[in-house]
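Visitor: Fit chain B to the supplied structure of chain A, relying on the hints for placement.
There are 2 protein chains.
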Amino acid sequence: MKNQRNPDIINKPVALDFLFKPKSVAVIGASNRPLTIGHQILRNLSDSGYKGAVYPVHPVEDTILGLKTYKSILDVPGGVDVAHIVVKNTLVPATLEECGRNFVKAAIINTAGFSEAGAEGIALENKIIKIAAKAKIRVFGPNCQGIINSDPGVRAYCNFTFTKLTRGAISVAAQSGGVGEVIIQRLNSLGSGFRMYASNGNAADISIPEIMNYWADDEETKVIIIHLESLADPEEFMEIASRVGRKKPVLAIKTGRTAEGARAVVSHTGRLMGSGIPIELMLEKCGVVSFNDQDELCQAAIAFAAQPLPKGKRVAIVTNTGGHGVIAVDGCVEAGLLIPPLPDNTREALQNGLFPEAATRNPVDVLATARPEHYSLALGELMKDSGTDSILVNFITPFFVDCESVAREIVKACAGKEKTVAAVIMTDKAQQGNTLQIIKESGIPVYDFPETAAKVLGAMSRMSEYRNRSREVFAPFKDVDKTAVRSVISAALKEKRTILGARECAIILDSYGIPRAPSENCGNLQECLSAAGKIGFPVVLKIDSADVVHKTEAGGVVLNICDEKELAAGFNGMKSLASRPRFLVQKQLPAGIEIIAGAHAVAGVGHVVMFGLGGVYVEVLKDVVFQFAPLSRQAAQRMVASIKCHAILEGFRGKEGADTEKLAEILIRLSQLVTDIPEIAELDLNPIFAYRDPSRTAAADMRIKI
Amino acid sequence: MKNQRNPDIINKPVALDFLFKPKSVAVIGASNRPLTIGHQILRNLSDSGYKGAVYPVHPVEDTILGLKTYKSILDVPGGVDVAHIVVKNTLVPATLEECGRNFVKAAIINTAGFSEAGAEGIALENKIIKIAAKAKIRVFGPNCQGIINSDPGVRAYCNFTFTKLTRGAISVAAQSGGVGEVIIQRLNSLGSGFRMYASNGNAADISIPEIMNYWADDEETKVIIIHLESLADPEEFMEIASRVGRKKPVLAIKTGRTAEGARAVVSHTGRLMGSGIPIELMLEKCGVVSFNDQDELCQAAIAFAAQPLPKGKRVAIVTNTGGHGVIAVDGCVEAGLLIPPLPDNTREALQNGLFPEAATRNPVDVLATARPEHYSLALGELMKDSGTDSILVNFITPFFVDCESVAREIVKACAGKEKTVAAVIMTDKAQQGNTLQIIKESGIPVYDFPETAAKVLGAMSRMSEYRNRSREVFAPFKDVDKTAVRSVISAALKEKRTILGARECAIILDSYGIPRAPSENCGNLQECLSAAGKIGFPVVLKIDSADVVHKTEAGGVVLNICDEKELAAGFNGMKSLASRPRFLVQKQLPAGIEIIAGAHAVAGVGHVVMFGLGGVYVEVLKDVVFQFAPLSRQAAQRMVASIKCHAILEGFRGKEGADTEKLAEILIRLSQLVTDIPEIAELDLNPIFAYRDPSRTAAADMRIKI
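In the order they appear, the protein sequences are chains A and B.
Going by our numbering, the first sequence runs without a break in its numbering and finishes at 706.
Going by our numbering, the second sequence runs without a break in its numbering and finishes at 1412.
Bound-form chain A, shown alone:
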């Protein structure tokens, strides 16, 4: 369901200041009874020190929590930015109309019982959206928590959660209020606080992408966290998330990853993520790093907010505990990072300056007895090393070391530098509060465990990689004939055909320089024999009829035909499979590596290209990879290189192997084709036979659906 929201929001963002920086907040359904939402919101506004005007609305009460209370929103002095609506669901339409009459800008509808609650609720939600659109009120919710803004000039706690308002640099938008609550609670307990928070429940009007878009321009928001269970509008999400992701780090937690989890999402929200929407691929394409774990997400957000992204994957580790040096290495490697040995000049400097027993390879073990100047030296050298992208410092606090001085040296060497730094301080926090404080205040994120720091650096390096990829350019081939393809497609569309014939497929592939086995389209045996003469035996004979969809199963394919007699036998065997059949005589390609490649359209987000090894590899091992079209050369090469059985392409155990550059080229051409001709719904090349000799690589069968 696409909502009736302002269609301009993507290009001309509607500032959501009236929602996140309201000058006044009305609470319609305010209450003096402590355990009600209408009471709690007022209490939160009051406890948080909200800077604007607060107007409780209640039909009977004169004051609530000591505040003058209005009988109706119509009685409230004009210019209300935000009105919480906490009345019964069936009363919401009338309440909204009244809000419209008093020029309320945004309604946070906390009340539940809308689209999450069956057919009647859906109708009610549609009704309120119409009323709101007419009254020019933006709706937040319904069935939602609300927003919080920790800006000292605002301190708007328009929400009924329990989390204290603590100023920070991370803004959080969560589809599930519970998940959002736990995330901001965790950010608080990690000492980070948060900037703004929004949980918009059913998201009938204001969407998470719209909120992200607003935060993109909020200078104090350094990092955006989003929680997604379903995606109402993938196109809107892709457009906005890509734009926002270029400006500041966006981190996501996507739940319902497993089949069982996805079922639980349906039961929770009534919505499915949308089968076939490759959410992980979408996030990666937008430069959004996704997490499977709320705590990992929060721990990482703190580093993203305070540290530069690393330029690459190479981590140098400094440790004063050998055991944790090993743990840091394991963690980094498992997070996709590299632990390169240090260059000779760095090692020499370390050997000269550290204790003789110190390890200087990487990890650098300065030893438990290391003094502040040893950290200073080691970190200084690593900062200078051009082979290091980020630094992980392990510091267990020995009682015999001046730990605060070590902390100061770590800060002096690392804070505000261009390399990413994560510090692991292993200590009794009560005893070493100052040591921790010195580092935290410097902007270097502090972790309790090297495992955590390694995951965080892994996530940062992943975002860095996504950003690098987004700079890769799709360079279209010039030798393509788009017009030829257009006319094939138009003809088929005119005839309302969705599956293209062999001849049409051949024209399309030829027009985009995608190699295929030579073939001839024939109407009778004579033509088949003559085609075989031209092509040369052995050949393959296939039926070519829209009536026969599964050719092989129906007996419509004969492979390895060696002479005219076999060809005639094959022809006679399949001529009665369809009325007025046509036939394809095709060169029998010699055995090569069987490849599958293809593309399919995903509503709203373009085409996804697929690549893999055929046969058992795709069917048993699912050894296929996906990427959005169009493909840069690097992206195509990465696809070819990233299948699990890549060694087979390289020529496994003296076998022939395949020219991988040619395969990458085919993928690029294929991606160009579906990008130029978006009417193509599905395209499969299965199999392509690949060889060491690129000129022989060719598709042996193809299928195009429009």
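These are calculated hints, taken from the structure and not from any lab test.
Cβ atoms here follow ideal geometry from the backbone N, Cα and C, with glycine treated the same way.
Accuracy of the hints is not assured; some may be wrong.
Listed next, the stretches of chain B that the computed footprint assigns to chain A, with coverage defined by at least 3 CB atoms under 8 angstroms from CB atoms of chain A [said to hold, decoys possible]: (1) 959 to 967; (2) 1111 to 1125.
Heads up, simulated DSS-like pairs for lysine-lysine below, C-alpha to C-alpha not over 27 angstroms straight-line [stated by the list, open to error]: (3) A:Lys655 <-> B:Lys1257; (4) B:Lys870 <-> A:Lys440; (5) B:Lys1350 <-> A:Lys622; (6) A:Lys429 <-> B:Lys1146; (7) A:Lys705 <-> A:Lys551; (8) A:Lys644 <-> B:Lys1361; (9) A:Lys622 <-> B:Lys1328; (10) A:Lys551 <-> B:Lys1361; (11) B:Lys1361 <-> A:Lys622; (12) B:Lys1135 <-> A:Lys164; (13) B:Lys1146 <-> A:Lys164.
Guide: For chain B alone, kept in the frame of chain A given last:
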């Protein structure tokens, strides 16, 4: 290096009471200077309220920390249980001798500069071990932290770490003091405390297995945590860990898992885990669950200490936040658990008792507004459901709910029951301290995130599975001829041959009922021709000579010989490959599924059996599985079922497939063979051709090394 420790410890455990419950502790090298180890140990003994006598030893001082100080250990009143030695490494031998003269029972040698520090250090360590053995002193360390015992009657803090002594039920033995320190610190910060702690550094005498053995009989130790970087004596470890693992949960953190991490271990400890030691397999065999993450380990330990192991993998989830229900499902599934739908009668009871909008499938979403009685009902029903092995309760604390009452209902329904329960309480800990306390005190472990609880339940179910497996029985086949194999092996050993000939291999396989392709051993062409006549063409001709190890590469194998002429040609082509060669004429098996199976001996821990698909599957995909011999039928079946490409065995896409029971039988027979005849160092059946017809499945090539 096997140490000079008491060889009886495995069967007749030497109680380590003198070490862990010392009546008196001397500190040789005690000091009045605050930042020294000799000072800190005294301070820790004093701060922790140690119940025994403390004797500082210092050549000059009269008192240290107010305690009467002795000039030498010889001056200390007799009967010292533990003497810390903190003097310079070269002074340790003389100090130990003095300790011997004053009947010290155990020396905790904190001093470094021994086997971790090169050749001189190794010599020094050997020297002190000799002195200690002669003086009947058990050595703990050297280069170590020491021990802690939190028993209220002992409170021995013989250690220089910073972690407070807090009583608990988890004992921790760590090779790396740093890792041990972080683990006990984390247990403390999670509110669990610990029972005993030991970090024995170079482990020259008292080993971690010996300590585990001691803790097995310590009633107050409910869970044992071990940290391993290297394994000095795998045999000792296996024997003890298996015994201890049957008595109480043993959890391990094995670091140096990645190649890079293993290199860092060498640089840290100077030791390698021992290439070829399948540590994960060993731990599993002993019923030890291993972790990759210190925090996960600690979080799990708390549940293992307080909850029964689940009987199976089936988890029921109760949640009052839909989003976290989804997260719990994802987490459980990714931890290897199952989320089965609930039976109709349970769902009916839930539908009748919960809010109408509650979800009753699994997760059970009682809704945020759920009252205490709803938790009581839901948990009560799940406790009764025979299809539920463990329960994960998510409770986010809504301000409008009486959270303490909910906590009390959770406790009433779940505490002390036979099903495993983990609670996730998502809250502001300052606001809901009582709620948390009510649950924690009941023995139900409390987590901040469903992700953590899911991992914990996964680990508990893994241990349960390991224990079930340990009850599986190896049922040896009776139709084997051990004597025949013995005589083949003896003959080869007498001739000092390590690679057995084809004929010997054939006798061995035949004696254990392992099917092989029919073959004849021949000395000349005439014999080959006659053998082929007997076996029937097509045949394979192989050279059989100890001179030709890599037969195929040397041209010593001709496949698919169809007639006598081809056989003669093959014979002539390979007869000069060796002096006095012999030949094998073997039935050419028809194409089937290529399997590899084998076994190899691992020093001290028996034989490991291997199974996988041959060719590209083993070489590119490494699709092989391992297990210790001998194999129960279930274990063999699991091996066959657990390869990634198992679908190929089932008959992929209408292809033939293989009889998997036959393959399991071959693995059992193979495991029986190497168990009966431990002289076999390596045995490879590569390939075995497998078919749907079990009677045709046979090994086509074999290699045995003794």
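Visitor: Each hint should be assessed against the structure and marked as holding or not.
Guide: Hints, verified against the model:
1. As drawn, the segment 959 to 967 of chain B meets chain A at 7 residues by the rule of a beta-carbon pair under 8 angstroms; at three or more, the given contact holds.
2. Interface restraint, the segment 1111 to 1125 of chain B with chain A: violated (0 residues with C-beta to C-beta distance below 8 angstroms; minimum three).
3. The straight-line distance between the Cα atoms of Lys655 (chain A) and Lys1257 (chain B) is roughly 19 angstroms, inside the 27 angstroms bound, and the hint therefore holds.
4. For the hint pairing Lys870 (chain B) with Lys440 (chain A), the CA-to-CA distance comes to about 24 angstroms; that is within 27 angstroms, so the pair holds.
5. A threshold of 27 angstroms between alpha carbons decides the hint, and for Lys1350 (chain B) with Lys622 (chain A) the separation of about 11 angstroms falls inside it, so the pair holds.
6. Among the hinted pairs, Lys429 (chain A) with Lys1146 (chain B) is consistent with the structure: their alpha-carbon atoms are about 22 angstroms apart, no more than 27 angstroms.
7. Taking the CA atoms of Lys705 (chain A) and Lys551 (chain A), the gap is about 15 angstroms. The hint holds against a cut of 27 angstroms.
8. This hinted pair checks out: Lys644 (chain A) and Lys1361 (chain B) have alpha carbons roughly 23 angstroms apart, not beyond 27 angstroms.
9. Restraint check: the Cα-Cα separation between Lys622 (chain A) and Lys1328 (chain B) comes to about 16 angstroms, which is no more than 27 angstroms; the hinted pair holds.
10. Restraint check: the Cα-Cα separation between Lys551 (chain A) and Lys1361 (chain B) comes to about 19 angstroms, which is no more than 27 angstroms; the hinted pair holds.
11. In summary, the hint linking Lys1361 (chain B) to Lys622 (chain A) is supported, as the alpha carbons are separated by about 18 angstroms, within the 27 angstroms threshold.
12. Taking the CA atoms of Lys1135 (chain B) and Lys164 (chain A), the gap is about 11 angstroms. The hint holds against a cut of 27 angstroms.
13. Distance hint between Lys1146 (chain B) and Lys164 (chain A) is fulfilled; the C-alpha atoms sit about 24 angstroms from each other, no more than 27 angstroms.
Hint violations for this structure: number 2 only, all remaining hints satisfied.
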